[in-house]
Amino acid sequence: MSVLELANISKHFGAIQAVNDVSLSIEAGQVVGLMGDNGAGKSTLVKMIAGNFRPSHGTMQMDGKELILHKPVEARQHGIEIVHQDLALCNNLTAAANVYLGRELRRGVGPFRILDYASMYKRAGQIFAVLKSETRPRDLVKQMSGGQRQAVAIARTMLSQAKIVLMDEPTAAISVRQVAEVLNLIRHLRDQGIAVVLISHRMPDVFDVADRVIVMRRGRKVADKTIASSSPEEVTGLITGAIEQV
Amino acid sequence: MAVTLDQTIAQKQHTLLTRVFASQTFWVVIAVILACLFLSVATDSFATSKNLYNITRNVTFVAIVALGMTFVIITGGIDLSVGSVLCLCSMVLAVTMHAGYGIEVGIAAAIATALIIGAFNGILIAYLGFPPFVVTLGMLSIARSLAMVASNNTVVFQFGPDHDKLLALGGGAWVFGIANPVLYTILLALITGFVLRWTKFGRHIFAIGGNEHAATLTGVPVRQIKVAVYMISALAAGLAGIIQTGWLGAVTTNLGNGMELQVIAATVIGGANLAGGMGTAFGAVVGAALIEVIRNSLGLLGINAFWQGVFIGGAILLAVLFDRLRNFRRNE
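Taken in order, these protein sequences are the chains called E and C.
Using the UniProt record's numbering, you'd call the opening residue of the first sequence number 1 and step up by one each time.
Using the UniProt record's numbering, you'd call the opening residue of the second sequence number 1 and step up by one each time.
Keep in mind that the hints were calculated from the coordinates and are not lab data.
Straight-line Cα separation of at most 30 Å, DSBU-like style, residue types lysine-lysine; simulated pairs:
hint, chain 1, residue 1, chain 2, residue 2
1, E, Lys-122, E, Lys-163
2, E, Lys-142, C, Lys-200
3, C, Lys-200, E, Lys-132
Isolated chain E (complex conformation) (with noise of 0.2 Å):
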């Protein structure tokens, strides 16, 4: 049963068709890869998934009730998270304090109500180890790694009953064993019956742990097909155009 379904999705900006007729489904408990050149319309796909923008034409659908958003918040509070490329972290808080950014835990009566630092560490501590990540949840996010920083912006996602998760370029700058970390932290989040759109550059990773690509060119999607059935050298064909669809 599909989470997430968009028909014939169009975006343009001006003269500039950015998405053009874009029609997908994503499904519970799978890892889609979303691959493309840049400019090929994937952030403007995301960012309209994310609620930064509204679509020109076409519809989404979340478990089958029409989705318009007007703003992030409101994808937040349908079950979209975003896991941006810069992560968005503080480095100056702790990695509990991070998670829990902008939807703190409080406790207390009325107007007085003072932060629930035991709680956000328990449960914190508690997501972090769903994820099988050696994080700390007292500790500093300046002292991370960049697998653990991961974690942590993963870990956001985690707070709320979030049925989609959508990660921008996750391994772009990060070393290798660290990548082999965060794809570990995105197979836990689809274990967790979450829908995970990874957004990447990088065949290998892709091809690592996503169950499908969906391939976009100049705004246009042009292959949608399960990874067993794939070949990084196809995929790199349509992202260039050499294949011209599938």
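Add chain C to chain E, keeping to what the hints say.
For chain C alone, coordinates are given in the frame of chain E:
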């Protein structure tokens, strides 16, 4: 024995003691204590109750303003206008009371002035994207000028029907012979410390100083909070102005001149980072104490008062040096 994942996650890296030793504030406290011990031995006049009363009271004005400044500096901003705002608020209070209004009206007018100026600074910075340095530099000039306009550049020393109430408010010692300004400082420091550590607002201030873009993306109301911190800074300056007016019993348009530098120095000496993301209420008070002890000791040790600027300037540089050294250590 194998260490499980749960044990690793539950591990605490720092004990209370290591954290205390790692903090700059702790070493500044040590410096203040050592300086006091030295002065007690080297001079007869330092450890007298009268001198200690003077020091604690003198600390308060810089300390109160530094508490407000701490909020601004944690967000990565700066407020250069505090000295002038202090003067303007004192003058508004003085002129209002001199005109025959009661102390309540005077204080309300002074506080309203502070909040309006803070909101003006904050809106230009948060919504129109002006650099904090430029906005508050402009306000430094504007507020002092307005104080001169309000008083026609005269000294105000008669505060109408509630004259004595105002003097008691700032100059009295209502509890255990502790000067009133000291009590206000302790109260405001406790409130500041509480807000920074235990409220969502405080957490968001640190987040903005750490990574403003991240704070925006995660749904922190960055602009509103920035306006609020500049209002808090101006409010602190206004409160200090009200208290100082009561203590001095007279207001000149020279009040608070150059105070912004002392306040910023106090905040940074106490462990705040001018790049944002770090700072404590206790640090601001301790930083102010160190500056005052330096000032006081110069007088007691018989060093010419003209040298005061050199020592205060040196303290500012030393503060930035502390800041730099900590950054070097971190980068290694």
